[in-house]
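Student: Below are the chains, spelled out letter by letter.
Protein chains: 2
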Amino acid sequence: MEIADWRKKIDELDQTLLELLNKRANYSLEIGKIKKAAGMAVYDPKREEQIFLRLAQLNNGPMSDQAVRRLFERIIDESRHIEKEMMKAKGKKS
Amino acid sequence: MEIADWRKKIDELDQTLLELLNKRANYSLEIGKIKKAAGMAVYDPKREEQIFLRLAQLNNGPMSDQAVRRLFERIIDESRHIEKEMMKAKGKKS
Numbered sequence: 001m002e003i004a005d006w007r008k009k010i011d012e013l014d015q016t017l018l019e020l021l022n023k024r025a026n027y028s029l030e031i032g033k034i035k036k037a038a039g040m041a042v043y044d045p046k047r048e049e050q051i052f053l054r055l056a057q058l059n060n061g062p063m064s065d066q067a068v069r070r071l072f073e074r075i076i077d078e079s080r081h082i083e084k085e086m087m088k089a090k091g092k093k094s
Numbered sequence: 001m002e003i004a005d006w007r008k009k010i011d012e013l014d015q016t017l018l019e020l021l022n023k024r025a026n027y028s029l030e031i032g033k034i035k036k037a038a039g040m041a042v043y044d045p046k047r048e049e050q051i052f053l054r055l056a057q058l059n060n061g062p063m064s065d066q067a068v069r070r071l072f073e074r075i076i077d078e079s080r081h082i083e084k085e086m087m088k089a090k091g092k093k094s
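Protein chains in written order, with the working numbering: chain A, 1 to 94; chain B, 1 to 94.
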């Protein structure tokens, strides 16, 4: 296989990744709504550690567990960011 | 649905994400091998811009195009990192 073939495979995979990352953000927003309604804190370091531990157990590489952790820290962080942006937008409307 | 239900959905999704991210890293390593054999530079900023542009076009949110770009910059960066680590490991063996 040539570079162009691998790139085509990466492009297809990226489209799926994008869809799943947006889906994950939506799930995360649903949890945020429930937490907000119940007056709970959005940030839950214990839950995040559980996520990283589980992913390390599932990880078969080639990414290292550290790389997986770094990536998912960023994924979770971006979800929190969306939540904040949405709350700000809501605040402006009302 | 309660928090626990959404978390279960996130856990399932994360397992798929992990598999796809590792698959992507493998594809990227294949391209790296071809480039190395041909004496080409690994870093290709033009290709990366194409990736970000395409993803922005495909993005339906809730993640912003900027958030998508940040995440994929990190994903690509981690792939490059693996490549470097593997070359280092090879160097130590020989």
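One should not assume that every hint holds.
Same chains, same label: a pair holds when it works inside one copy or across any pair of copies.
Derived lysine-lysine pairs resembling DSBU-like cross-links, with alpha carbons at most 35 Å apart [unchecked claim]: (1) K8 - K23; (2) K92 - K8; (3) K23 - K33; (4) K84 - K23; (5) K84 - K35; (6) K8 - K90.
Hints in this document: simulated from the structure, not taken from any laboratory.
Student: Each hint needs a verdict: does it hold in this structure or not?
Tutor: To see whether the hints hold, each was checked on the structure:
no., hint, in the structure
1, K8 - K23, "both (23 Å within a copy, 13 Å between copies)"
2, K92 - K8, "between (42 Å within a copy, 33 Å between copies)"
3, K23 - K33, "both (16 Å within a copy, 33 Å between copies)"
4, K84 - K23, "both (18 Å within a copy, 32 Å between copies)"
5, K84 - K35, "within (14 Å within a copy, 42 Å between copies)"
6, K8 - K90, "between (40 Å within a copy, 28 Å between copies)"
This entry satisfies every hint, going by the numbered hints stated previously.
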